[in-house]
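K.L.:
Protein chains in written order, with full-length UniProt numbering: chain A, 1 to 68; chain B, 1 to 68; chain C, 1 to 68; chain D, 1 to 68; chain E, 1 to 68; chain F, 1 to 68.
I should point out that these hints are in silico values taken from the structure, not numbers from a laboratory. Please note that the accuracy of each hint is not assured.
Remember, identical chains collapse to one label, so a pair may be satisfied in a single copy or spanning two.
Derived BS3-like pairs (lysine-lysine); straight-line CA-CA distance at most 30 Å [stated by the list, open to error]: (1) K12 / K50; (2) K34 / K12; (3) K18 / K50; (4) K50 / K34; (5) K17 / K50; (6) K50 / K10; (7) K10 / K34; (8) K18 / K34.
There are 6 protein chains.
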Amino acid sequence: MSLSARNQLKGKVVGLKKGVITAEVVVEIAGGNKVTSIVSLDSVEELGIKEGAEVTAIVKSTDVMILA
Amino acid sequence: MSLSARNQLKGKVVGLKKGVITAEVVVEIAGGNKVTSIVSLDSVEELGIKEGAEVTAIVKSTDVMILA
Amino acid sequence: MSLSARNQLKGKVVGLKKGVITAEVVVEIAGGNKVTSIVSLDSVEELGIKEGAEVTAIVKSTDVMILA
Amino acid sequence: MSLSARNQLKGKVVGLKKGVITAEVVVEIAGGNKVTSIVSLDSVEELGIKEGAEVTAIVKSTDVMILA
Amino acid sequence: MSLSARNQLKGKVVGLKKGVITAEVVVEIAGGNKVTSIVSLDSVEELGIKEGAEVTAIVKSTDVMILA
Amino acid sequence: MSLSARNQLKGKVVGLKKGVITAEVVVEIAGGNKVTSIVSLDSVEELGIKEGAEVTAIVKSTDVMILA
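So that you can see chain A by itself, here it is in the shape it has in the complex (with noise of 0.2 Å):
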């Protein structure tokens, strides 16, 4: 099966920080740039999520602006 949304991005956890409700996790991508994500921490517990992990920042296209 395939997600509609147009921007998926791999890469590798290389930060986490959890709080209450949500968890901060930032994803390294090709070409060095740093992705960071805003999930709940259940997700966060769900997934598994670690450092150190593959995984992949996904992103609906209505959600990104252009700076120009």
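Go by the hints and put chains B, C, D, E and F onto chain A.
P.N.:
For chains B, C, D, E and F alone, kept in the frame of chain A given last:
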């Protein structure tokens, strides 16, 4: 001035398609990844976005999901 | 692999309308509720979304509001 | 008055967890699906959201993705 | 009933443009600011949104960034 | 450089509350309206956001709903 959005990915416009209300901008970033953005057509015209232009794709971290 | 988005609602496509940049997909889920999605036209075409198809509507929990 | 958001799913609060800035509200809707929402803690307190309350989960259609 | 979204800005519709799937609504709020909204064309038609109408622009606080 | 986001509302920070992962920033804009933003705590610290600071609240038009 700086923007709070954590994700600011520099690249070059490699695709541009205009609709009636929205437009689709494809940005090639470091490492060869492509980021697709849907913004208002008004923005594309006011900012003068064109293929080949150097731009930055911006994403708020609460809009990034993780596939793990 | 699993996606961090908390809301994954299975259903069947009962409506599909295509624009220039975006498309509208209506999914009937369990209990008779209908969920409307606006995604890029490219996604609809690449995923081969058609009326009658079994799909899952996905929503990140930070995008859900409460009326109480 | 009516809200433009296409997705308005009626249900009952079956889970509530409070953080410092945000809170997580779980709503059981028709057909047994559960919808998880992360809203500001202020909202939860001002609206008096409690377990067992009848509420409506609201999602803008541009925030719905499709897995197909 | 009340909506959890923190930002509810009252104003008057001063611009309206219809596409195939989406429509753009411009609302002039207190202090002369204009707020631009892109919603589904279906919403604009069902709600009977017209130039001159009194409406409220609604934004969830997780969708607001800060430039500082 | 300019940002594609249509809504750029200038104001002054009149409220600031810090959580573990996120922070809430309240901005008073022209006409006395208040706009509430939830951003990452990291952003608040890197941008040095403080009560009384002149900032701009930014919202992408696809994130604005209409109540009519």
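K.L.:
How would you classify K50 and K34 at a CA-CA limit of 30 Å: within, between, both, or neither?
P.N.:
Both: 16 Å inside a chain and 26 Å across chains, each within 30 Å.
K.L.:
Which holds for K10 with K34 at a C-alpha limit of 30 Å: within a copy, between copies, both or neither?
P.N.:
Intra 11 Å, inter 12 Å, cutoff 30 Å: intra and inter.
K.L.:
Could you figure out if K17 and K50 sit no more than 30 Å apart (CA to CA) within one copy, between two copies, both or neither?
P.N.:
Result: close both inside a copy and across copies, 10 Å intra and 23 Å inter.
K.L.:
If the cut is 30 Å between Cα atoms, do K34 and K12 qualify within a copy, between copies, both or neither?
P.N.:
both (9 Å within a copy, 18 Å between copies)
K.L.:
Tell me, please, which holds for K18 and K50 at an alpha-carbon limit of 30 Å: within, between, both or neither?
P.N.:
The answer is both: 11 Å in one copy and 24 Å across copies each meet 30 Å.
K.L.:
My question is about K12 and K50: at a cut-off of 30 Å on alpha-carbon distance, are they close within one copy, between copies, both, or neither?
P.N.:
within (9 Å within a copy, 32 Å between copies)
K.L.:
Given a CA cutoff of 30 Å, do K50 and K10 count as a within-copy pair, a between-copy pair, both, or neither?
P.N.:
This pair counts as both: shortest intra-copy Cα distance 15 Å, inter-copy 27 Å.
K.L.:
As a check of your reading, is K18 near K34 (CA-CA no more than 30 Å) within one copy, between copies, both or neither?
P.N.:
both (18 Å within a copy, 24 Å between copies)
Checked against the numbered hints given earlier, this structure breaks none of them.
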